[in-house]
Amino acid sequence: GIQVEQSPPDLILQEGANSTLRCNFSDSVNNLQWFHQNPWGQLINLFYIPSGTKQNGRLSATTVATERYSLLYISSSQTTDSGVYFCAVEAGADSWGKLQFGAGTQVVVTP
Amino acid sequence: NAGVMQNPRHLVRRRGQEARLRCSPMKGHSHVYWYRQLPEEGLKFMVYLQKENIIDESGMPKERFSAEFPKEGPSILRIQQVVRGDSAAYFCASSPGRREAFFGQGTRLTVV
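Heads up: the sequence lines are chains C and Y, in that order. Numbering of the first sequence is given in this note's numbering, commencing with residue -14 and proceeding in unit increments. Numbering of the second sequence is given in this note's numbering, commencing with residue 8 and proceeding in unit increments.
Keep in mind that the hints are not guaranteed to be accurate.
Subject to a maximum C-alpha distance of 20 Å in a straight line, what follows is the list of computed EDC-like cross-link-like pairs (lysine to aspartate or glutamate) [stated by the list, open to error]:
| hint | chain 1 | residue 1 | chain 2 | residue 2 |
| --- | --- | --- | --- | --- |
| 1 | Y | K51 | C | E75 |
| 2 | C | K39 | Y | E107 |
| 3 | Y | K69 | Y | E25 |
| 4 | Y | K51 | C | E(-10) |
| 5 | Y | K51 | C | D12 |
Worth flagging that the hints you see were computed from the coordinates, not collected in a lab.
Can you build the whole structure from these sequences, using the hints too?
So this is what it looks like as structure tokens:
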């Protein structure tokens, strides 16, 4: 099956800093989503981005499907950005509806 | 438009009991998915359902686990004769088709 690798595994940021999270995947994808799991365990949709670039407030994402990676940018980080960021992909004709999650990047934003 | 609703949020069961987890998809969504998050294994796909049909159950354990999405009512994930290893967070997601999936808040199952 498809492999999804996220880096870095852990990230400590001071409030106000910018950061880039990366997601590499081993095959072409039909679907790619970024999620934020907050400290209360809730999974929050950030982006649906199988290709291209999107922005939502201080967050933006870019997927370069031909090179099999996606990037999530966090600008002017806030303590509420803490949590785990997951990349998840759906790949292949027999994988419709089946998201394969990466291991996540644990982000801690300190005041 | 309410999001994906899961209940209960927390569930405690003794070993050998049955656990029933419920999921109401977002309005207009006919595709439902269940995922399990174990502490050391991350988020894993379990099953994909449409109304009255199981589309893909390749991630479901072969025994004790079952899922349904009836014509009326919520989707149900049922775990019979629970064991301590079933303790996990169970997430339901829904989508209107083969598009972006939205997740519920999860059910935290603890088996004592």
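So, going through the hints one by one against the coordinates:
| no. | hint | in the structure |
| --- | --- | --- |
| 1 | Y:K51 x C:E75 | holds (13 Å) |
| 2 | C:K39 x Y:E107 | holds (14 Å) |
| 3 | Y:K69 x Y:E25 | holds (16 Å) |
| 4 | Y:K51 x C:E(-10) | holds (15 Å) |
| 5 | Y:K51 x C:D12 | holds (18 Å) |
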